[in-house]
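Number of protein chains: 2
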Amino acid sequence: MTDTDRPTGSADPAPDITALKDAIAKQGDVVKALKAEKAPKERLQPELDRLLALKEELKQLLLKEAQENEKNKFDRSGLESLLIKRFFYAPSFQIYGGIAGLYDYGPPGCALQNNILSLWRQHFVLEEDMLEVECTNLTPEAVLQTSGHVERFADYMVKDTKTGDIFRADHLVKQVLNQRLEDDTKLRSGAAPKAVKGQPKVEPLTADQRAEYELVLETLDNYQGEDLHQLIRRLDIRAPETGNEVTAPVLFNLMFETQIGPTGQFKGYLRPETAQGHFLNFKRLYEFNTGQMPFASASVGKSFRNEISPRQGLLRVREFTMAEIEHYVDPTKKDHPRFDEVRDVVLPLYSATAQEAAAGPTKLSIGEAVEKGIINNQTLGYFVARIYLFLVRIGVDPARLRMRQHMSNEMAHYACDCWDAEIQSSYGWIECVGCADRSAYDLTAHSNKTGEKLVVREQLPEPIIADKWVLDVNKKNFGPAFKKNAKAVQGYLDSLKEGDQWNEARLLDLLDKLNTGKATITGTDGNEYELTTDLIKIEKRTFKEYVREYIPSVIEPSFGIGRILYQLLEHSYYVREGDEQRGVLKFPACIAPIKALVLPISHSDEFLPFIKDVVTGLRRFNISNKVDDSGSSIGKRYARNDELGTPFAVTVDFQTVQDQTVTLRERDSTKQIREKISTVLEIIKDLVEEKTTWSEVEAKYPTFVQQEL
Amino acid sequence: MTDTDRPTGSADPAPDITALKDAIAKQGDVVKALKAEKAPKERLQPELDRLLALKEELKQLLLKEAQENEKNKFDRSGLESLLIKRFFYAPSFQIYGGIAGLYDYGPPGCALQNNILSLWRQHFVLEEDMLEVECTNLTPEAVLQTSGHVERFADYMVKDTKTGDIFRADHLVKQVLNQRLEDDTKLRSGAAPKAVKGQPKVEPLTADQRAEYELVLETLDNYQGEDLHQLIRRLDIRAPETGNEVTAPVLFNLMFETQIGPTGQFKGYLRPETAQGHFLNFKRLYEFNTGQMPFASASVGKSFRNEISPRQGLLRVREFTMAEIEHYVDPTKKDHPRFDEVRDVVLPLYSATAQEAAAGPTKLSIGEAVEKGIINNQTLGYFVARIYLFLVRIGVDPARLRMRQHMSNEMAHYACDCWDAEIQSSYGWIECVGCADRSAYDLTAHSNKTGEKLVVREQLPEPIIADKWVLDVNKKNFGPAFKKNAKAVQGYLDSLKEGDQWNEARLLDLLDKLNTGKATITGTDGNEYELTTDLIKIEKRTFKEYVREYIPSVIEPSFGIGRILYQLLEHSYYVREGDEQRGVLKFPACIAPIKALVLPISHSDEFLPFIKDVVTGLRRFNISNKVDDSGSSIGKRYARNDELGTPFAVTVDFQTVQDQTVTLRERDSTKQIREKISTVLEIIKDLVEEKTTWSEVEAKYPTFVQQEL
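Residue numbers (the UniProt record's numbering), protein chains in the order written: chain A, 1 to 709; chain B, 1 to 709.
If you're looking for bench data, these hints aren't it; they were derived computationally from the structure. There's no promise every hint is true.
Identical chains share a label here; the pair holds if one copy fits it or two copies do between them.
[Unchecked claim] Cross-link-like lysine-lysine pairs, in silico, DSS-like; alpha carbons within 25 Å at most:
id, residue 1, residue 2
1, Lys544, Lys162
2, Lys283, Lys626
3, Lys453, Lys85
4, Lys537, Lys468
5, Lys267, Lys159
6, Lys64, Lys544
7, Lys302, Lys267
8, Lys468, Lys283
9, Lys26, Lys41
10, Lys283, Lys85
11, Lys267, Lys162
12, Lys586, Lys85
13, Lys283, Lys636
Just chain A, same shape as in the assembly (with noise of 0.2 Å):
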């Protein structure tokens, strides 16, 4: 399979020291070029000088540029801590000493994606009468042999030779050379590299090298097999605890086996993707849209893929929640009947062109892009400046949000354009939409192996007269002539078809041998048979077609729910500085797990019904809410609910009893106003549904400024 996540690492380098390095190449050149010709040494020296004073600049700004990474590095553990502490989501299994790649999500983390999935079925599925369905986790052999999922959805794994712990073998050749790569730069930046025991003292790298590795890193999904073999017998790629060799590379299937029923003959695996559901359910789909294009599919549910080495958290796991739309269109009418809506959305577009000329992403508006012909057409134009309104209104950063366009070698076996919606985290840009033309693939393929038609027909307006080159055998002479081989020329005949039409090169092949008198063909049982115009007849033949027939088109966007949801945990922690520095997960409203905390200032009875007013009305509105009545003080309670990412809380205090005001404190600027209790419930309502927002709530009302108990 495709590793479809991208390398991580560091962002792109400063301006000037790019300018700088290639100061120093120029520089080079003209330092090589004096000593060829024997120059001088006056004249030589100062170019010289010039050389080495240029290179300890590149030093020290390389220096400074770790220092400063080092110090705004994101603090993933503090995050993993809040999460883990919080209950977001935890390790599966833990107290039986868990299981690499498989996660619980607790209370938060399941409300969280909630929210998440609810939202994504608002914009996509109920905005667009999208057709949900939901297939079985479970999936026979036979249909995921079709798929080529069976043959070819699997990665290279590798052995320690001594220990036998087990490497996916990409992942190691990446690990083993970014590691010398960056040994190396700190080598020439004058810090020692952390030596390994036992393994021999890291040497600087020689120009050539370091560009090797560079263009392997670049390239590593272009070696298969032998290929990736000889890469790692050639770059004396290790285990990297042990150092010892590894073995030759193998294929390991992903996909969970089973035997469904009792018999123990029945193969199946656990779907790799939710797609081929969706595919095999396409009639029934098409007749319950009673017959109209383009319509489209959606699901969600499960995916399950038996990694290799899983890691990087949710990003890269065994079991994880999918969201997946099959967008069924005529392959000759891509444009998309709402494009109008979206045409004018700019967004970060990296096109395959771009990253082969190592340029950046480059912002445009998605009509100007379909124009230009960056992308393809206007149905996959139209999803992926969708998907990516999506993400930001679910509060993926924007500034660290791509769409990124897969080069010709990390595309799919089944697809003939793709993007994928990518975020950047402290793990690098992810992918976490995918959003491809499989063209008719897969409805091609089922359709072949099962003989079901998998077509739309569309009543054409006026019949077309088509002229058409078509075999017929002679029955009376055929059957007779080949006995009991017959069936065995019959196939060779069927594989002249393309669906139910003939293939008209291939019978203007056979009828060229035909002319000469007899043509000697190979039948499905492989033997030779020799075929003659009594036999068979090849004519063209004019015919009137009052329906037209054809295999859709299929856009796919293909939602990794967990990785989404990571990313975005990512984008929205912060750390408040104050007496003890605090995290908060600034999530807008509508995703926040919980939308409003409800508090009494302290234990009291009196407060009791107003906090049953607050809550019995943020019930009725529909709004999430918690109350939290221990006997923490009020300062903490805070800050446990903003480590849960709560917006707005609601504190009874002894002025509620008074005058029956309550506060309404927001996180992120823990600003507060005081209002009556119906008044506040219809703030924080217009604040979930986005109605109004926090600097206008502000605005209106005056802040109130509360003693602290």
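Put chain B on the given structure of chain A with help from the hints.
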């Protein structure tokens, strides 16, 4: 595993049949007694005539009942063809020939399920602040060993000795015996039972045989292993279609097995229930709830059971959606804080005692049931009532719903009391929700296995002072005395503990032996050792405890969503008489897949802006809707949406263009009103939110009679 669904088949016999059978039995005794005392013919004959007359009367009654049943029989095939046609659900992978026990949900089925789950979350999770979790389907073997599933989650299967066809043993026995009883009834009523090719002619059964078969059917769950084998041999149970003998029953584990990770050495299963994931996260959940008790976790997800012979559509499948709640409660305080809210709910309870007495269910208030001890405790009673209310709310017919207590022989291995919500359909009474008191079984088992404490720690208002027997090891002597065997002896001492507490009985037992001078014990290595009082000391000491530590009991309401959904479809289905018989699904609006159909009376561009107004308005209220602007007649379009269970239809016609009014049709009455668009939108909103009823709407607005086009 316990087979949780109840025997299918006809309802209880009519009371006059039961009375007649009693009368025949009594009259039989009279005749028998007269014969025994060799009574003269003139005394015997009238009694004999009376017996024969009674038998004839019974025969006529049974015949009449059979005819009635045939007539009233639920038109299942009518419903099923509707469900397939409108793609509520369909067998998965059908174009590949399908796989038994796997179903895909199409758009209306999916929406129906989503709506049921959304109401479930409202009714249970939100209403009671339950902690929702999402755990993985993949589960390592160790977890399911502890839970008992690896050993016990199995059914007996048998094979046709000639064809190799596989049957679930208890299902086969049930099927064969039911068939024999049915054939016998037919014979007695004068009808001829269906002859099966190659099998002997059906002979009437003796009274003893009938009685035995009925007893076996009642107690089938009691037959395991060799008993089951003997039963099959004794009753000559054979494969029904071939008449061949079957093999001895063997256990078949119902879990789907797979390998996790690339080593091939890590066995896992697909979970057979979602419960274990909750239990493993107990500690995190308890902390998340800031240590407050009681509380509950909730989860919605798939479970998997590799059924030997899936059947009855959605009722016995291999992959299904469950919604499970685990409510953790102090085993010494099983009252429920909100019990008063349900105390007066009256519902049909079918207690174990009533089942033993072959009586029917009794209508009781839940308060009374708990007071009388019919239901074990308030918490269990609270959930029994809440489950009942939920099912009625989503549209289950209360007349075909009962809460049935498990008999002791059918209780799962972990349960100490269990009530099922059973719903009646054409398949009989089917368990759709289980509500079990699992006691502390699971948490104790996982805790013992992993050594992780899964307990509640309750601060005591004042410390408890208690005397306890304890054992101390004299370390100075113990090590030297046993040397390398010390570990085996220590292992024995550890076995005297339960958790971290000494078992008093075991200690006193050992003390008795010690008091004789020395105690011979068996170490964990199987060898015998001698203990003396200079090696260990057993004495009573006084402890002061500030914290009470306990493993909570778990009350588990567990919902089979697919089963509920199917039973609901049967309860919702009826056929409207008319020119053509048309199927209707009378879903309550809250769960209807689509709430409102929007349609122009004919194709005309002038209707478009009004259609858009209606749709936009409905979407603003979050009311799912569908435009049907196909060319079909208005009657056909109504009928199509009756089949989908769409409760309301808004029609835009020529009058709309004049005065902005539209018609609003209600599905079941087929009555219409005509009002301004804005009024109609408000009415629909109130109907969907159950703020008004259609009768109220009809009373308030004049009925509109439309000429159909």
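Hints, verified against the model:
1. In this assembly of identical chains, the alpha carbons of lysine 544 and lysine 162 never lie at most 25 Å apart, being 71 Å within a copy and 56 Å across copies at closest.
2. Taking the shortest alpha-carbon separations for lysine 283 and lysine 626, only the inter-copy value of 20 Å comes in at or below 25 Å, while the best intra-copy value is 46 Å.
3. In this assembly of identical chains, the alpha carbons of lysine 453 and lysine 85 lie at most 25 Å apart only when taken from different copies (18 Å versus 54 Å within one copy).
4. Taking the shortest Cα distances, lysine 537 and lysine 468 sit within 25 Å of each other inside one copy (14 Å), while across copies they are farther apart (102 Å).
5. In the homo-oligomer, the alpha carbons of lysine 267 and lysine 159 lie at most 25 Å apart only across protomers (20 Å), although the nearest pairing inside one protomer, at 27 Å, exceeds that limit.
6. Taking CA atoms no more than 25 Å apart as the test, lysine 64 paired with lysine 544 passes in neither setting, with 76 Å inside one copy and 62 Å between copies.
7. Taking the shortest alpha-carbon separations for lysine 302 and lysine 267, both the intra-copy value of 20 Å and the inter-copy value of 20 Å come in at or below 25 Å.
8. Within a single copy, lysine 468 and lysine 283 get their C-alpha atoms no closer than 28 Å, and across copies no closer than 73 Å, so neither meets the 25 Å cut-off.
9. Only within a single protomer do lysine 26 and lysine 41 lie at most 25 Å apart by alpha-carbon distance; the minimum there is 19 Å, versus 133 Å between protomers.
10. Taking the shortest Cα distances, lysine 283 and lysine 85 sit within 25 Å of each other only across copies (12 Å), while inside one copy they are farther apart (48 Å).
11. Taking identical chains as interchangeable, the C-alpha atoms of lysine 267 and lysine 162 lie at most 25 Å apart only when they sit on different chains, with a minimum of 24 Å there against 34 Å within one chain.
12. For a Cα distance limit of 25 Å, the shortest separation of lysine 586 from lysine 85 inside one copy, 17 Å, qualifies, whereas the shortest one across copies, 47 Å, does not.
13. Only between protomers do lysine 283 and lysine 636 lie at most 25 Å apart by alpha-carbon distance; the minimum there is 22 Å, versus 57 Å within a single protomer.
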